[in-house]
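Here are the chains, one letter per residue:
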Amino acid sequence: MTTRRDVLRFAGASAALAGCGRGRASGTDGRIERDVAGAASSPAPRTAPVPRRTLGQTGASVSILGLGGSHLGGMPDDAEAIRVVHTAIDAGINFFDNAWEYHDGHSEEILGRALAGKRDQVFLMTKVCTHGRGADVALAQLEDSLRRLGTDHLDLWQVHECVYDNDPALHYAAGGVLDALARAKQQGKVRFVGFTGHKDPKIHLEMLQRGFAFDTAQMPLNAFDAGFRSFERQVVPELVRRRMGVIGMKSLGGQGQPVRQGAVAPEEAIRYAMSIPGVSVTVSGVDSMEVLEQNLAIARGFTPMPEAERQALRARLAEAAGDGHFELYKTTTYYDGKVGREQHGYPPHENLPL
Amino acid sequence: MPIPLRPFGHTDQKISCVGLGGHHLGDFATYGEAERVVHDAVDAGIHFFDNCWEYHNGKSEDWLGRALAGRRDKVFLMTKVCTHGRDASLAMRMLEESLRRLKTDHLDLWQVHGVGFGNDPELAYRKGGVLEALEQAKRDGKVRFVGFTGHKDPEVHLRMVQMGFPFDAVQMPLNVFDASFRSFEAMVLPELVRRGIAPLGMKPCAGKADAIKQGLVTGPEMLRYAMSLPVATTICGIDSRAILDQVVQVASHFEPMAAEEADALRAKCKVPAGDGRYELYKVSLAFDNPEARRAHSFPVDPKQKEVSEEEKQIMGAP
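Residue numbers (my numbering), protein chains in the order written: chain B, 1 to 354; chain H, 1 to 318.
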């Protein structure tokens, strides 16, 4: 079994090789984030709650920082993962991300265990992973997700990883995943529905333009994106116009590569992402208590970055952003998951790492 | 029957309607096998030879140069320059290396290799960029014609053309899967024809020929589809005598595919083409050489041929 985590490890080694032809990356993506956040400073008191925003027309109030689900299932110690969830809730984080396919279900199981007795304190999202298959597959996955998460309903259920050019057509096909979204909403098993993807604004726009009434969409939002196949420029305004909830991810470029290479400071990167007009929540992967504390420090101390400062940052990064090497999720197959590859006839990570 | 010749854009030059790809040449286990294929190809009437400064870290050019000893005048010799955004001065040094390896004092065609990253056109056109080297080399008589190549994104090709440099040739993937997915055929080919730039097709079997191996289409029908487009030549990767025979067979008996047959083939491939699974060169880095990746600060893949060969050169054979 190849997990996303294994893939990221491999990729870390590749990145090191690319950089200088010798040596290895010093650790997992989690550690990169720790280094990253450690370099930041935030004056906010530890007791200040993480600010909240309204998630578009859903009216739901969500924390500006969300907890990514993939990393939870990859932590070596389940008890530590559960402590991370509890600490996050105590600090005011209520947006929890997950996906049916993360670590073959383990990410959902851990989160379900952690949320026992706390389900009502959170806005719970997970994603469905049909990758082009029918509504029946989607509804079976929904039952899996509900069981693992120990709940009878989700706050948000999103179509995962719309990244292949023909995904919109497959999802909109009669009997496709969107039928399942509508049915699950009708049955009260999910309150809101949306879709996610990390590849191409054109795919997001096609998902919207074909007309389904999504409540939310999730996408990479960071200071590099603004200068390269930009979700911020092309998709966010359309979501705002439709009064949809905007969920950002990959605020540090996926694995913090731009920070590690000195192109951007972590706090300005995260502040930039959280300051994009229209964005409600920024989902961030956390795989240890230290990373959580450091992300919390940035979120607690958050003040929106003024537009002039945002523009200056975009201008500073425009050249580095131009070929997409800081956004490998757009330019390579590196972040495309196993289930999607299988359904789309792509080689596995071992044979097509990038 | 001889292999037909076609005009090279708006020039008086004629080239064979199929060409021999340089990357596969370096894949042969021994020089002797590569040499035999080059000689057999020339004898069969294939005289368009593709190559590239970075293929197999220079081995492809070395072997072609050796194999063409005494035959240089019979071929139309092309190679590519691999600045990937870097300066004209580097390009000129690469040209000297290519000429030395290919054992010639001039190229018939010199092309900017691997244009496909989002900022490649801007980097090529900037002051001191690679296009200045193309002009210089032409002025110096070291190259007769110039062009660019890429396998990634028709929008990048189009921008490169529309920014106005007088390219003589442009190379791109043209095959029945491309027809329905981020299509060079639909977006770039008509613009080249309109401008009188010689279109050079490559990847007629969509790279690694997965669709053929899976029985979806046959090699000859894929090649015929590609050759039936308004191109000057179709460059084929040839890694065995059997494949050379197949290419020669199709080319020497070539009749353009009837519109109905082409439509039917396109229709059959449209759905499987839709997510890019048969054109991994457009959707992944798998076909991007380490030279390109490093110049653009992308990670390299230790399993890629050029990387493992480089490793062997540094570490010695295992």
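Note that these hints are calculated values from the structure, not bench results.
Mixed in with the good hints there might be a few duds.
Claimed, not checked - In silico DSSO-like cross-links for lysine-lysine, where the CA-CA straight-line distance does not exceed 27 Å:
| # | chain 1 | residue 1 | chain 2 | residue 2 |
| --- | --- | --- | --- | --- |
| 1 | H | 142 | H | 208 |
| 2 | H | 127 | H | 138 |
| 3 | H | 103 | H | 127 |
| 4 | B | 202 | B | 338 |
| 5 | H | 74 | H | 127 |
| 6 | H | 59 | H | 138 |
| 7 | H | 213 | B | 338 |
| 8 | H | 213 | H | 127 |
| 9 | B | 338 | H | 270 |
| 10 | B | 338 | H | 303 |
| 11 | H | 268 | B | 202 |
| 12 | H | 142 | H | 14 |
| 13 | H | 268 | H | 59 |
| 14 | H | 74 | H | 142 |
| 15 | H | 270 | B | 202 |
| 16 | H | 305 | B | 338 |
| 17 | H | 270 | H | 305 |
| 18 | H | 312 | H | 59 |
| 19 | H | 268 | H | 303 |
| 20 | H | 270 | H | 103 |
| 21 | B | 338 | H | 208 |
Note that this is a predicted model, so its numbers are computed, not measured.
Tested hints:
| no. | hint | verdict |
| --- | --- | --- |
| 1 | H/142 x H/208 | violated (34 Å) |
| 2 | H/127 x H/138 | holds (18 Å) |
| 3 | H/103 x H/127 | violated (31 Å) |
| 4 | B/202 x B/338 | holds (23 Å) |
| 5 | H/74 x H/127 | violated (37 Å) |
| 6 | H/59 x H/138 | holds (25 Å) |
| 7 | H/213 x B/338 | holds (23 Å) |
| 8 | H/213 x H/127 | violated (46 Å) |
| 9 | B/338 x H/270 | holds (24 Å) |
| 10 | B/338 x H/303 | holds (20 Å) |
| 11 | H/268 x B/202 | holds (25 Å) |
| 12 | H/142 x H/14 | holds (19 Å) |
| 13 | H/268 x H/59 | violated (39 Å) |
| 14 | H/74 x H/142 | holds (18 Å) |
| 15 | H/270 x B/202 | holds (19 Å) |
| 16 | H/305 x B/338 | holds (25 Å) |
| 17 | H/270 x H/305 | violated (31 Å) |
| 18 | H/312 x H/59 | holds (14 Å) |
| 19 | H/268 x H/303 | violated (34 Å) |
| 20 | H/270 x H/103 | violated (44 Å) |
| 21 | B/338 x H/208 | holds (21 Å) |
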